[in-house]
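Visitor: Residues per chain are reported as follows:
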Amino acid sequence: ELKVEQNPLFLSMQEGKNYTIYCNYSTTSDRLYWYRQDPGKSLESLFVLLSNGAVKQEGRLMASLDTKARLSTLHITAAVHDLSATYFCAASGAGSYQLTFGKGTKLSVIP
Amino acid sequence: EPEVTQTPSHQVTQMGQEVILRCVPISNHLYFYWYRQILGQKVEFLVSFYNNEISEKSEIFDDQFSVERPDGSNFTLKIRSTKLEDSAMYFCASGTGGSYEQYFGPGTRLTVT
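So the protein lines, in turn, are chains A and B. Take any residue in the first sequence, count from 1 to its spot, add 901: that is its number in my numbering. Take any residue in the second sequence, count from 1 to its spot, add 57: that is its number in my numbering.
The set of hints was computed from the structure by calculation and includes no laboratory data. Any given hint could be a false lead.
[As the list claims (entries may be wrong)] Below, in silico cross-link-like pairs of lysine to aspartate or glutamate (DMTMM-like), each with a Cα-Cα straight-line distance of 20 Å or less:
#1 K99(B) <-> E945(A)
#2 K904(A) <-> E58(B)
#3 K1004(A) <-> E58(B)
#4 K99(B) <-> E902(A)
#5 K99(B) <-> D939(A)
#6 K114(B) <-> E902(A)
#7 K1007(A) <-> E101(B)
#8 K942(A) <-> E116(B)
#9 K1007(A) <-> E58(B)
#10 K942(A) <-> E158(B)
#11 K969(A) <-> E916(A)
With the sequences and hints as input, model every part of the structure.
Guide: Now the structure itself:
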């Protein structure tokens, strides 16, 4: 059974600082996803990582995937208040489209 | 930009009643999904649907749940006899398959009293 763990679950960071959210998964996974969710809103797709060593960047967010370590990271550079949200990682097992989500990381960026 | 839409945004129902949640996936997508999120918890997979049949389902998706694509645009989730623990936000998602992305709708908040 595929399990996905994120840490930290809560993150309070100052504007301008850098930080990394970690996502570990338990078994072989074909794909790793990162989503953003604002309170009371839906899930916004940020990144889909398909292969070992994949790195994708969008603005202040950069995601990477290490399939050997079964680890993905979401790195935040020079945080701004607008990045405050809950970030979920999700993985899909081999041959499956079912997404298994982590518990989410609630990020608060404070001035 | 095309998006997944869901109706209603909020549904209140009494325990034991049937509810139907509706979704209109993005028009050229072939894969359809339902997920749910109990308040404050993680998102859980319910079911995936492709080529007019269920392709995967989770343990949550028991005999009380069913899905249907009644026409070329709608995708529905039916809960036959709701329980208190069915209260959650239900998200529909769709994807092309090829890009592996899943695009989520705004959700329907289901409250069972």
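Visitor: Could you run down the list of hints and mark each one as holding or not?
Guide: Comparing the hints with the structure gives:
no.: 1; hint: K99(B) <-> E945(A); verdict: holds (15 Å)
no.: 2; hint: K904(A) <-> E58(B); verdict: violated (33 Å)
no.: 3; hint: K1004(A) <-> E58(B); verdict: violated (29 Å)
no.: 4; hint: K99(B) <-> E902(A); verdict: holds (17 Å)
no.: 5; hint: K99(B) <-> D939(A); verdict: holds (14 Å)
no.: 6; hint: K114(B) <-> E902(A); verdict: holds (14 Å)
no.: 7; hint: K1007(A) <-> E101(B); verdict: holds (18 Å)
no.: 8; hint: K942(A) <-> E116(B); verdict: violated (26 Å)
no.: 9; hint: K1007(A) <-> E58(B); verdict: violated (28 Å)
no.: 10; hint: K942(A) <-> E158(B); verdict: holds (18 Å)
no.: 11; hint: K969(A) <-> E916(A); verdict: violated (33 Å)
Hints 2, 3, 8, 9 and 11 from the earlier list are contradicted by this structure; the remaining hints agree with it.
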